[in-house]
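Assemble chain B onto chain A, guided by the hints.
Letter by letter, the chains look like this.
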Amino acid sequence: MSTLPRTAAGPLLRRMLHQTHARRAITNLEMPAMSPTMTEGGIASWKKQKGDSFTAGDVLLEIETDKATIDVEAQDDGVMGMIIVPDGTKNVVVGKVIALLAEEGDDISNLQPPPEDASSRQKQQQQQESESKASSSQSQDSKPSPSTPSAPSKDTHSSGTPSHSRPLFPSVHRLLLEHDVSKPSEIKGTGVRGMLTKGDVLAYLGMASGPTGTYKEAPPPAAQAQPKKEEYKPLDGPALRRLIASTMLQNSIKTRNPSPESPVSANFDSVLADYLPSTPASSSKPQTPAPLPAPKTTNWLDGLF
Amino acid sequence: MASLARLRVSRRLPQLARGIQTSADTTQLQDAPPSESSQPFTVKLHEDSFRAHNCDKPELDVQVSKDQLLGWYKQMQTMRRMEMAADALYKAKLIRGFCHLAIGQEAVSVGLEAGITPEDRVITAYRCHPFAVLRGGSIKGVIGELLGRQVGMSHGKGGSMHIFTPSFFGGNGIVGAQVPVGAGIAFAQKYLEKDTATFALYGDGASNQGQVFEAFNMAKLWNLPCVFVCENNKYGMGTSAERSSSNTEYFTRGDKIPGLQVNGMDIIATKQAVEYARQWTVAEKKGPLLLEFVTYRYGGHSMSDPGTTYRTREEVQRMRSTQDPIRGLQRYIEEWGVASEQELKQLDKEAKATVDAAVEEAKASPEPLVKDLWTDIYYKGTEPPFMRGREREEIHHY
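Chains as they are written, first to last, in UniProt numbering: chain A, 1 to 305; chain B, 1 to 398.
Bound-form chain A, shown alone (with noise of 0.2 Å):
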């Protein structure tokens, strides 16, 4: 789609037809916040120069924040009239005034900086002043509110719902319903925080020996906790002597009085055989010594003396 016709005749019509019209166009570009957690950012670079028209969807400038550097896009089609924040700012509040835009064929020659500071105090102040008075009646409307749920709760009338000061469950709500209990404040509730259970109900009709009925807890484990208090405790010096002392004892009456399993052969052979690695000839060894403990144990001297 060619623009060309249009905008080669427009200028210079708009030039000649709209001279006085020149100031009117001005536009203040506010520092935008490119996320909303966003109160300051620097100016990163600035794309077009004073002078330079743009289109709308160009970008202007470049906007440094805290996560990273954004592109701003122009949403008219422009002339950018003066820059008043230049490259490299830092700290520049969201909303004020960095730049002046004008339409096109805009007389740029004097423009001034408008007066921001008054302004812009003049709307921060306004908006403290608003915020100041919207969180005062704030906070006096919500005195009110907090109060009216710790006041006893209305009484029920036979015709209407049954209320509690704590919230009803379905069950409690149609018991009370059914049986037209006419103060359920009266009952004593024993569930969470006060709140009236079935249970409670039913022991108020006399249905029922008590809130939890002919529950029964189970009785506590102490049975099985006392085997388990045979814990092995760890060996302090004395009885770490009785355990050596009773081994020894044990090892020299073993060797006092030989079991009579132990095999007592004095073959040179034989306690060799222990360390060589099994032969043939070897491991028909072990086998003969076997047979043999059964006579040789009352004679174990025999060889001595």
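Hints are computed from structural coordinates only; laboratory data are not their basis. Only a predicted model underlies this, so the values are computations on that prediction, with no experimental measurement involved.
Within a straight-line C-alpha distance of at most 20 Å, the following computed DMTMM-like cross-link-like pairs (lysine to aspartate or glutamate) qualify: (1) 349/B / 104/A; (2) 256/B / 284/B; (3) 349/B / 76/A; (4) 96/A / 87/B; (5) 363/B / 30/A; (6) 93/B / 71/A; (7) 345/B / 104/A; (8) 352/B / 76/A; (9) 352/B / 77/A; (10) 93/B / 40/A; (11) 93/B / 356/B; (12) 345/B / 77/A; (13) 345/B / 76/A; (14) 48/A / 314/B; (15) 74/B / 77/A; (16) 93/B / 62/A; (17) 352/B / 30/A; (18) 74/B / 76/A; (19) 47/A / 77/A; (20) 93/B / 30/A; (21) 47/A / 314/B; (22) 345/B / 107/A; (23) 352/B / 104/A; (24) 90/A / 40/A; (25) 67/A / 305/B; (26) 371/B / 383/B; (27) 93/B / 64/A.
Some chain B residues judged to face chain A by a derived CB distance under 8 Å, without partners named: (28) 84; (29) 87; (30) 91; (31) 92; (32) 93; (33) 96; (34) 298; (35) 304; (36) 306; (37) 316; (38) 317; (39) 320; (40) 385.
Ideal Cβ positions, reconstructed from N, Cα and C, are used throughout, including at glycine.
Just chain B now, kept in the frame of chain A:
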């Protein structure tokens, strides 16, 4: 120049099959516009303005009048200004939260409004500000709602996803949830024997939601007077249509429901398609129809999205300069001698002034009172005995 424009247009398309063309300025004048501003004259749409699936294309010859064209121009310009004002307010941190703007998609909303009656029902998702205004709302009401002030259409308590008028059902936050609700509204219209159509709009991103197809089935089964409108702006949030959908011809996704793909940047084609759809569902009672408007949004998905991480800035600039709906209509108006550039500039100024005044009014409105936390939850007279608030101690007794 016109023939060159035509050549350029056809070269832009992938020319395997005859695709749709999406320029905003290819309608040709058939006979000279009469001097009487409300007298209709004929214009002819480009032959690639529509593609049809199991139905006939609408007529390419359209009757328009000077008044209509200027009215649409003013409406589109006003909507564009309103969205730009919302953009500026968001960047000034006066609007918080979500803000989804429809800059570039004005032809869809204005074209829809031009083709339907005030009793027809419309339901859409969260890119709804132009629809809300055109369906009986006000700019002050929409901007006030975004700012969270009492003058807003939901008294400042709802935001852009909660704006309603008697014939506009929102403003819906959940993606694709408005389509079955739209089918339900059409069911209600049929049940009450009203001769109205329901337009349920959704986007290309929502077109793959399961409930959309469930709604299609029920609408076709019970022959509901529902027109399902897919606003295909080629990007579902940050995902391009090719990367999200196996079948990007959204007008064929209705299976047994016939479909029509329309150039959503040309307001005259849009209006013609909407009238055709209304004729289909209400007058001829042929059941539901699927419309796909091929359009484009210049901004990001929402104000948190710069819009340049998934597409090039050159693409956006190209669309802005070659396929902008307002520029296209401006071209028609100037070429056909309907109005001069001066008059259009005047309309621009009026649009800007209207929006600026509405924004100032909205900004001056106070925020909702604390007692309004408890109103508008239940229909008056049917409230429960008490209502719990934000904390356990905050209980309100009605």
